[in-house]
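Engineer: Chains as they are written, first to last, in my numbering: chain A, 1 to 318; chain B, 1001 to 1376; chain C, 2001 to 2298.
Hint data in this document are derived by calculation from the structure and do not stem from the laboratory. Any given hint could turn out to be false.
To be verified - Counterexamples of contact, computed for chain A against chain C with all Cβ distances above 10 Å:
| id | residue |
| --- | --- |
| 1 | LEU17 |
| 2 | GLY77 |
| 3 | ARG203 |
| 4 | ARG279 |
| 5 | GLY284 |
Unchecked claim - Here are some chain A residues pointing at chain B (derived, C-beta under 10 Å):
| id | residue |
| --- | --- |
| 6 | ALA29 |
| 7 | GLY135 |
| 8 | GLY141 |
| 9 | GLU234 |
| 10 | THR277 |
| 11 | PRO300 |
Note that this is a predicted model, so its numbers are computed, not measured. Cβ coordinates follow ideal geometry from the N, Cα and C atoms, glycine included.
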Amino acid sequence: MNILKRYGLPIFLVVLLILPNLLDPRWQAIAITFLIFSVVALSEDIVLGKAGMFNMGHALFFGMGAYITAILNSQYGWPILATIPVAVLVPALFGIIFAGPIVHLRGDYLLVVTIGINIVFIQVLQNNLGGVTGGPNGIFGLDGLNLFGWQLTSQLSTYYFAFIAMLVTLAVMRNLEKSKAGRALHYLREDSLASESIGINTRTYKIFAFGLGAGLAGLAGTVFATQYSAVSPEAFNFMQSVLFFSIVLVGGSSIPGIFLGVFVMFILPEIFREFSTWRYFVFGFAMILTMILRPHGIWPASFGKIPKFLIKDTDHGA
Amino acid sequence: MKRTIRNMLLTLCAISMMAGLSWADTLKVGVQAPITGSYANEGQGIENGVRLMAEQINAKGGVMGKQIEVIACDDQGTAMAAAICAKDLVNKGVSMVVGSYTSTCAEAAQKTYFKAGVLQTSDGTADSLTEHGYWTFLRNSFPNSAEAAFAASYMVNVKKYQRIAVISDFSSYAAGLAEATVAEIKKAGGNVVTYAKIKAGAQNFTPVLTNIKSKKPDVIFFAGYYSDGGQLRSQQKALKINADFIGGDANDNPDFVKLAGSNAEGAFIINVPSPDVLPYPIAKTFIADYQKKFGSMPPSIWGLMNIDGMRAIIHAMEHNQSFDTKKAADYLHNMDKPLDGITGQISFAADGNRKGGAYVVKRITADGSYSNEYAQ
Amino acid sequence: MDIFFQQLANGLTIGSIFALVALGYTMVYGVMRLINFAHGDMVAASAFVGLTIYTQVMGQATSLVAVVAIFFLAAVVMAGVGIILERLAYRPLREAPRLSAVVSALGASLMIQNGIMLIWGPQMRIFPELIPNISWEINGVVISLIQVLILTLSLALMVALYLFVEKTRMGAAIRASAIDQDAARLMGINVNKIIAIIFIIGSSLGAVGGLFIGLYYRGITFNMGWQYGLYAFIAAILGGIGNIPGAMLGGMLLGLFQAFIAGYVSSTWADAFTFILLILILIVRPTGLLGERVAEKV
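For reference, chain A alone in the conformation it holds in the complex (with noise of 0.2 Å):
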């Protein structure tokens, strides 16, 4: 079990490193889908799963990173790299807009805001504000991704765009777990009002872990762009949001239950199509499922990574 637990994840990311030359373009396509959905549900974790905010409203953000760059590729002819920096910015900075006034309220009402929040975007993007987001239809026909003049327009290359956006995320989250914002959300999550009498200013690191979140989901929606080449507003409407917040408890908070979580809800589908009609009524009875028997989720995290330095004074921090 320790083995597993110290070299599971590497082994894990060896795997998917080689896997896509091993598989024909249609099972390509799922694997990237996989890579994508789980950059978005890990980043759905950073706001629900480390910092306790009850966000039904996920899809919204990866929709904005995937319509900035579909936009400014499509309509100002900016390449697919050059769009990320904005495409994961404009999120954060929206999250953390968006969060100031909404981090008090109390988790069932968040829960609602948020859904609001992601049908108002939805409404905006059919209604075509502004004249960029193409209505109903959405943008299609992006361009391929072009790295210093070369077209990498196979799937394989999309395959590793996407494979590094999981390596940044997965990197963030490390980071994250043994910084001080990290132990700080661990706290407040476990019990916000102890946390705040030992003197955690709750609401900065809430607005943080929002903005981080919503930040990391643009850059999926970067990349959702990139293998698509179009997005259109249906892909990121509230049900998309649910299934987010799904995956995120059903897995447990943890890095291996989203996987998981995002392997049965994207993949196995894939795997059998002739199951498709109940695809769903099937998801819904293991959700209630999973919650009686495991109500912290199939695999609970731990936290235990409390950085080395802390224990021991002989090494120094990383």
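Since the structure of chain A is already known, use the hints to place chains B and C on it.
Structural biologist: Frame of chain A, contents of chains B and C only:
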């Protein structure tokens, strides 16, 4: 890293080329259609029709000796799934794609086919479909602008309405048709008192209709789909708005009458003729074969138009004695003599639009059936 | 002015449907502190159940008795489904973390919605014209028979519910459980029984709302529950969640708000305005119009 990626790319290319060679003994025809979802019966009609046509051609020895292999992809009537389908079908090596049913899905897939040099023929009626300059796209129906011109002239010149209200939903098809109709009405000297938009599926249209009532229109032209059209008509009568109701082609569905119930009587619907009244011999035999194989009529004329698009492309390939898609497109854009089709003569303009247009106005009678009111 | 009154009539009709559905949300939340996400889908399911009762059980008979029987049978069936739902999906999680129950509710919602699709198919089903197509015009304002029926029947049900909760022993037990479940239990109240009763009442009111939707708009789809569920939930928050008269008021106000926004401002932005209103209310007055200030348990 860069080198590895390049090596991987090269390997992939080599593999796919080898695969391409080994597949080369069939002519792959893709079907991109809403096989599930709200337009499932139309999508299944397209798939059935293409499979039947392929079977008939294969029985006669195929296309220049090659058998046709049909590969279907379900776009569920949504743009995102359509974009995925397009990539999927191109990956599977199709040389032409039939579909999709909705303009939205056809448009979402267009560029992918264009980049891959795959011919696409769709019954989508949005004008924007032929405005991108893609040589790969061939419209097998008539564009919205043709329907808009017909509807406007019917309302202004034939029925002599003085106060016209126009309603659409947000889809590209409906908004496109409504905007074109408004422009054509104004061109014909007609008077549009209001242009309102509704959210498809919202069910409660009385607030919008109440507003329209205050504008005192003598006709309401609705450019959206039947599922909203039937409810609009019903709520119009419930609000006692004394105006005629004219629905665009997407209202031509038995569910319109069921939804509007006793309020359906007297509503008009503009459309191309339905399959059962097509006078052409080739239509009669194909529809008879279809009924024999699938046990029902084709759901609408749209599926048949798609079959005509497929037949035109195959006709062009046989004429050229080549499977080259660019040559086939060049031939179709400059046809010297139109092809006899299931839905009438078929030929294309240089922009990929089908030439011609044939609309009829149908009136819903007390028992829910249609009576022909006017024909172009 | 006749436009104003017409929009008023429109708004009150749809508002009373919202109110009926909102009562289901607010009662469950009041006692269990749980957003019953499956409630909207229960409403949709009741419309399908009603249609099936009409075609299969009633043999498509159109009479006053038939309509009453449909309402009664659909309410009974949905009350049964409500009890099963509570027993299987919510009761085992009563002591679990709050989020686990939310996920379970979402799961139940997915299950019911897709269960409808598996049983009745993905396409739109259409209600027959069960209520005669009669309407009256008074000073340019048109009111139809079905609107009158919806309004009067909803109001009657809401008054009955109000009296039941305020004036009976059972009602007092419900109010006590909503304030403090543990204390109520110590006072000898069977909280399990109270929760079962709440699900029976909420589900049958929702069933009536679902049938109104079917009879009024006629076209029903398996996924329409989300839309009505969400609106009704907003109505419940607007009035102060957990507060029964608040849900009634919230439903009516939301119906009017939507009618006037769609009628006077823009139908294309109606949803956005509704949710912006919701967000503003939650920021400014999270307890809603009639809700009392409750501190989050710490």
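Engineer: It remains to establish, for every hint, whether it holds in the given structure.
Structural biologist: Taking the hints in turn, this is what the structure says about them:
With a cut of 10 Å on Cβ distances, LEU17/A stays outside the contact zone with chain C, its closest approach being about 33 Å. The non-interface label for GLY77/A is consistent with chain C: the shortest C-beta to C-beta separation is roughly 30 Å, beyond 10 Å. Distance check on ARG203/A: its Cβ is at least 14 Å (rounded) from any Cβ of chain C, clearing the 10 Å threshold; non-interface status holds. In this structure ARG279/A is not separated from chain C by more than 10 Å, as the shortest Cβ-Cβ distance comes to only about 8 Å.
Annotated as non-interface, GLY284/A brings its C-beta within 10 Å of a C-beta of chain C; the closest such distance is 3 Å. Nearest Cβ of chain B to the Cβ of ALA29/A: about 7 Å, under the 10 Å cut. The hint holds. Of the supplied interface hints, the one on GLY135/A holds, with its beta-carbon coming within about 6 Å of a beta-carbon of chain B, less than 10 Å. Satisfaction of the interface hint for GLY141/A is found here, the shortest Cβ-Cβ separation to chain B being roughly 3 Å, below the 10 Å cut-off.
For GLU234/A, the suggested interface contact is upheld, since its CB lies about 6 Å from the closest CB of chain B, less than 10 Å. Taken as an interface hint, THR277/A checks out: its beta carbon lies about 8 Å from the nearest beta carbon of chain B, inside 10 Å. For PRO300/A, the suggested interface contact is broken, since its CB lies about 33 Å from the closest CB of chain B, more than 10 Å.
In terms of the numbered hints stated before, the structure departs from hints 4, 5, 11, listed from lowest to highest.
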